[in-house]
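J.: Construct all of the structure, not just a fragment, from the sequences and the given hints.
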Amino acid sequence: MGKDQTFNHDLETASSKEKAPHSVHEEDANVPYEGRGTAAERRLLFKQDLRIVPLSAFIYLLCSLDRSNIGNAKVLNEDTGNDLLTETHMTNYQYTIALMVFLIAYAVFEVPSNYMLKRLSPSTWIAFLMLAWGALTMGLGGTHSYGDVTAVRFLLGAFEAGLFPGLVYFLTFWYRTEERSIRVALILASATLAGAFGGAIAYGVGHMNGTAGLSAWRWLLILEGLPSIVSAFLVYFILPDYPETARWLSTDEKALATERLKVEGSHGHTGHMTWQDAKETLTDWRLYGHYAVYFGISAPFSSLSLFTPTITAGLGYSGLRAQLMTVPPYAVAYVVTLAVSWSADHFNRRGLHSAVFATIGAVGFLASAVLPPDAYSHRYGCLIVAASGAFACIPPLLGWLSSNLFSTASIGLAIAINISTGAPGQILGVWIYKADEKSKGYPTGHWTNAALLFFVAAGCAALILFYHSKNKAIRRNGGARLYKY
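Once you know that position 353 of the sequence shown is 353 in the UniProt record's numbering, the rest is easy, because the numbers rise by one and skip nothing.
These aren't lab readings, by the way, just hints derived from the structure by calculation.
Ideal Cβ positions, reconstructed from N, Cα and C, are used throughout, including at glycine.
Mixed in with the good hints, there may be bad ones.
[What the hints assert, rightly or not] With a straight-line Cα cutoff of 30 Å, these simulated DSSO-like cross-link-like pairs (lysine-lysine) come out:
hint: 1; residue 1: 118; residue 2: 254
hint: 2; residue 1: 47; residue 2: 118
hint: 3; residue 1: 47; residue 2: 262
hint: 4; residue 1: 118; residue 2: 279
hint: 5; residue 1: 470; residue 2: 279
hint: 6; residue 1: 279; residue 2: 262
hint: 7; residue 1: 262; residue 2: 472
hint: 8; residue 1: 118; residue 2: 262
hint: 9; residue 1: 279; residue 2: 47
hint: 10; residue 1: 472; residue 2: 279
hint: 11; residue 1: 262; residue 2: 438
[Stated by the list, open to error] What follows is a set of in silico ranges between Cβ atoms, one per label pair, in the way DEER data are often shown:
hint: 12; residue 1: 372; residue 2: 276; range: 53 to 61 Å
hint: 13; residue 1: 251; residue 2: 116; range: 53 to 61 Å
hint: 14; residue 1: 285; residue 2: 124; range: 34 to 42 Å
hint: 15; residue 1: 200; residue 2: 437; range: 23 to 31 Å
hint: 16; residue 1: 465; residue 2: 276; range: 26 to 34 Å
hint: 17; residue 1: 148; residue 2: 46; range: 45 to 53 Å
hint: 18; residue 1: 377; residue 2: 40; range: 37 to 45 Å
hint: 19; residue 1: 226; residue 2: 469; range: 33 to 41 Å
hint: 20; residue 1: 318; residue 2: 93; range: 17 to 25 Å
hint: 21; residue 1: 451; residue 2: 39; range: 29 to 37 Å
hint: 22; residue 1: 335; residue 2: 204; range: 18 to 26 Å
hint: 23; residue 1: 461; residue 2: 424; range: 17 to 25 Å
T.: Now the structure itself:
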């Protein structure tokens, strides 16, 4: 995903007295790797990045676009009575329920989807998911009632659930721990890019209102679902599964790719996860600190993803201009997310970066909550700050978790559980921006997001102190495999 950086690599072998949790495959952990930083490895990483990162980011962009476009459809041509709520006879409460059932399905199907990705192959499973969610997005454009919308959104959540944890898991087949965070960041940042594109596309499609007898919001869903269907067939053929099976790698490159992942990677053709692997993951209590932090960031993430068009409509913008004004917050957040992710990896301080930018996001929401409702320009600036802070701390959080997982067998489970625990937070996020608070500037949503981001910052600080303490104990006992913070 980006170019590889030089990191201070401090993970070797665990001390027998104070060993880091998750050491299922000890035989792999003890295999030395001498090729780090060589010209051959740099060439290999460059080839992998060209094949994997842009395609993965594009897939996630399509997923994010199809997930969040209901927020654009809600307010598109609202001033003419041709919006989603009016034509499906839905109330704001029913709309929120439709958003919530998506997230329920999202939480339920994330872990099983990661299992299916390993059971089949990344290219097969991801292509299938894309085909399904693209068809459902187009189908959403043909709904006429609350029941229709809710049913389609539930199915959409079920099929989109596995993509992001699947992509994160997929990267472990190709990259070492210190290489993944920036690549995950580039993929995740495409969600903010999708938000920017979504607003611009909605603005353009809004002028199609009434074309062929269809309202613009229906055209929006149809046109944004179609690329996922077409791309699914391409992904099936061009997404590489594992280094061992990549035809575009030479025999020597395959050997190098396999060798460098023996210590800190997952293996495409190793045995399936056992109950013992799962048990060790589920009883590794430090991971629940990461899960709690990810819960905290999930409400700001989901509320911004789904309600930014609504929030901008409450800032004095109306009609198609409200769609266009969603672009700058996402565009700025995209750039900030990439910069923060690079810095977090370069300095190997993911927890610190997450804490700092969660605090920045919290301040943005806090300022939005205390400013007068009619301070439109100031509150719009605060929205940009809040979005940048909230989105930017997510990739380092995910990279931080994966860099402290030392088992190749259960890393997929830990990643899926982490993202699944964010689902309750995302469900909370769909309820906090109340329609009847539009004239007040949505204070409940802003206060809640500010509090949760401060919680994220505090949680990161607590985990940093915990890992620092554990590392001191490991060093005292002669261990060398340290936690990263």
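J.: Kindly confirm whether 17 to 25 Å is satisfied by the beta carbon distance between residue 318 and residue 93.
T.: 23 Å, holds
J.: Verify the proposed pairing of residue 279 with residue 47, using a straight-line Cα cut of 30 Å.
T.: 37 Å, violated
J.: Confirm or reject the claim that residue 377 and residue 40 have a C-beta distance inside 37 to 45 Å.
T.: Violated - the Cβ-Cβ distance for residue 377 and residue 40, about 54 Å, lies outside 37 to 45 Å.
J.: Is the hinted range of 26 to 34 Å satisfied by the C-beta distance from residue 465 to residue 276?
T.: 31 Å, holds
J.: Against the 30 Å threshold, does the CA-CA distance of residue 118 and residue 262 hold or violate the hint?
T.: 18 Å, holds
J.: Can the restraint linking residue 118 and residue 279 be considered satisfied, given a maximum Cα separation of 30 Å?
T.: 19 Å, holds
J.: Regarding residue 285 and residue 124, is the given constraint of 34 to 42 Å on their beta-carbon distance met?
T.: Cβ of residue 285 to Cβ of residue 124: about 35 Å, so the range 34 to 42 Å holds.
J.: Keeping to a limit of 30 Å between CA atoms, is the pair of residue 472 and residue 279 held or broken?
T.: 27 Å, holds
J.: Is it true that the C-beta distance of residue 200 to residue 437 lies inside 23 to 31 Å, as the hint says?
T.: 27 Å, holds
J.: If I claimed the Cβ atoms of residue 251 and residue 116 lie 53 to 61 Å apart, would that claim hold in this structure?
T.: 30 Å, violated
J.: If I claimed the Cβ atoms of residue 226 and residue 469 lie 33 to 41 Å apart, would that claim hold in this structure?
T.: Since the Cβ atoms of residue 226 and residue 469 sit about 53 Å apart, the hinted range of 33 to 41 Å is violated.
J.: Taking 18 to 26 Å as the hint, is the beta-carbon distance of residue 335 and residue 204 inside that range?
T.: For residue 335 and residue 204 the Cβ distance comes to about 23 Å; the hint holds.
In summary, the numbered hints that this structure violates are 9, 11, 13, 18, 19 and 21.
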